[in-house]
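Participant: Protein sequences, first through last, are from chains A and B.
Note that this note's numbering numbers the first sequence so that position 89 is 89, with each residue one more than the last.
Note that this note's numbering numbers the second sequence so that position 46 is 46, with each residue one more than the last.
Relax, there's no trap hidden among the hints.
Subject to a maximum C-alpha distance of 30 Å in a straight line, what follows is the list of computed BS3-like cross-link-like pairs (lysine-lysine):
#1 A/118 <-> B/133
#2 B/167 <-> A/14
#3 B/121 <-> A/274
#4 A/177 <-> A/69
#5 A/118 <-> B/121
#6 B/497 <-> B/11
#7 B/546 <-> A/177
#8 A/282 <-> A/240
#9 A/240 <-> A/255
#10 B/546 <-> A/107
#11 A/17 <-> B/333
#12 A/245 <-> A/270
#13 B/546 <-> A/112
These aren't lab readings, by the way, just hints derived from the structure by calculation.
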Amino acid sequence: MSLYSPAEGWFDKKVAKDEKMWMVIALILCIVLFVWMVLWHVYGKQNPSSTTYRTSTAEFAKLSEAYIKQNMVGMDNGIPVVRPKPNSDVFVMGEMWRWSPVMVLQKDQSYKFHISSKDVMHGFSIQPVNMNFQVFPGYDYVLTFKPTEPGEYKIICNEFCGIGHHAMIGKIVVIEKEEDLKLYGYEKLKKAPDPLPSKVSTATMTEAEKATAGEQLYTLKGCAACHKTDNTSQLAPSWKGLFGKEESVMENGSKTSVKVDESYIKESIKEPTKKITIGFEKTPMPVFPLTDDEIDQITSYIKTLSN
Amino acid sequence: MFRTCDITGFKVDLSSEKLIRANAVFAVISLLLAVTAAILLVFTRYQPVHLLGAEWYYRLVTFHGLNALIFWIIFFEIAGLYFGSTVILNTKFCSPRWGWIAFGLMVAGLVMSNVIILMGKADVMLTSYTPLKAHPLYYLGIILFAVGALIAVTLFFGNLMIARRDKAYGDTMPLFTYGLMTAAIIAVITLASGALIYIPTFLWSLGLVQNIDPAMYKLIWWGLGHSSQQINVAAMVSIWYMVSFLSVGGTSINERVSRSAFVLYILFICLASAHHLLTDPGVSSAWKVWNTSYAMYLAVLASMIHAFAVPSSFESAQRRWGYNKGLFQWLSKAPWGNPAFSSIILAIIGFGFIGGTTGVIFGMEQTNIIVHNTIAIPGHFKGTVVIGTTLTFMGITYYLIPLIFRRKIVGYGWAKWQPWLFFIGIALLSIAMIVLGQLGVPRRHWDSSFSGGPFTHNFNPAVDFFWALMMLGGVLAFLSTIIWILIVVISVFFGPKVNGPQDMQLNISPLAPQVKEHKGFEAPGTLVLTMIFLLVFIALFFLNWKWLAATWNVN
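Bound conformation, chain A alone:
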């Protein structure tokens, strides 16, 4: 009958007993689902938070950088490592294509994560425990986590964020006691944070000191997300053996060659898309606002990475 007008009296037809039964059961189920969610907020231990702050990408980048400078206790594959105190605020930054910092947490202690993005949307996915949250640029999402099991966890990005999306993976280590640090190769972490020498002019630094400062910048500013130091060049040229090398680049649509020296490195940081190395046209580098001193330090660091 569904293609014709229904039979006379359809509107007043009594609902069959079995259909009525099913509808009542279905309605009860639907109400239970609602009540269940509300009760989980009272009795359950996993609830997305309602705490969000409006921020800007620039403001949060500053907060995150300052936080890492103050709390950095080491480095892991080019990502700064922090060891936050229980109940403290932790600033977690997602950017194309890395999560920073790496965090060493204590089992059964709470940490107040502030999570935001420097560029596009990212997905904050802790594995293998499998907890997933959305990360927006311009919004500071405050989530208080309390790890319940020790172990090594990864933060996968599960919101598409560009061509290097798959390489965006961070790390959280949860320890029960101090000896556990050895399991993760973290026994050499500094006890007390050692902030970067700030406002020290490069003029008074030795070449070795500049290189150390450059290495910290490499980690802090996120160069490590794309530029590796181990000869692999998936998203950007590796820095290993880069200094002094002849690179084929595209400039204004034509192919030319350039020697990697101090002035070329400086130009590449200030105007990254002016000359693009052949093979990396699809992953152009964004502009990072670095001072001349910082560029100088990074150059010194690159010089140490000879083959």
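For chain A, the structure is supplied; the task is to place chain B on it using the hints.
Facilitator: Below, chain B alone, put in the same frame as chain A:
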């Protein structure tokens, strides 16, 4: 100009018939584009093959999403809306000229967006979350398509008005057209949300608007993204009722109940859009819990009402035909050789047991934490949109070929098992994806070995088995879709002409006798089946909450 159908007796407006054909043809073209991309994507995510590079992987995910979820489905729905508002109501098409304008805009939109994607100017995924930016012509293509669709929906309402004025149907609109009307109303809401977000985004891509807030974008985009799925549900359920009528002469055992359920879809449309923001910053828990349920999940209730009403319409009719033995003789003696019938039954099963259960559970605020943006999410909507909507549309096409295209189905033997192959393929694909997602595997991710990253992660070793299962399911579903497309194309263009009822391969049943033969429940078999569904739902419900409870604490 009308012809009177010698099989069904309906008066068919020839100008409407042409428009139905044109829209249906483009639906099939879109589906072909979508599945071609899909099979390449499956073999990319299946790590031992890892077919495409990162660039083309993301490009084709975008391409697949747009063609499958938007173009295929909306072209088919427009064909369905025209069919339901003219042929079924014996009415002429209100303005064929505007029908062709709408069609032209939709085709232009399809071509423009697809070309831009394939040129590599819009690697932004279907969702195109800002601040990811595509080429302006990508957004313009979607806007053109949406404007065309909106005109088409308006024409549907025009047809209804003519039918009403001419008293073309009795006092009450037929249930099938009524269901389509709810789909059309939802379509207006959906397309309005689409305009609200795509127009500013288009201006932003041109540099005329400074900033599109990403959270606002996501909120409004899902007013399009999920509401459009409610169009599918309403259209699909309408087809279910229609096939019950065509194949066994069945009708809703209580039309008031069925119609009320359709109204619930319109009233509670926002529920589904809101559940996309469950693990987002920007909105509070109270907002999330309230706006995804309004305290009682009335859109879910609507689907659960249909879950009883549709099978019971088959059961009740079959019982009145005399298949009254035991609980399930009505089902065993059903016209299983009719591919439209088997498609619809399989679609109901897949939609309910795979898509429906996971949809409700994943759509609760806290359980969303363990699945958000994992591959379990596309797994869920393979259950709803692919087994549910796509298989339904495939099934009803077996009726449209002889009735609207006036051709016999070539390869009818193949058509009989095509729905089964499709069901098995997508069920494997979908279940494998849901399990992978529960093991933490992300969606839209090129390389699960995280090459080039500072660290790596090894998923639970069980994933290898489910990746293989997903690949197998994808291959079966792909083959089945190609078989369906070949049957449709060959039949429509080269099939023998249908000259009367003797050429109908699918049965068209007369209305089942009115007298109720059996005592007690109207549809006891259906009640048992819905109870089984309830048990499966409860089992999955507790499983998911148990997994959630095992994670870290967070608040």
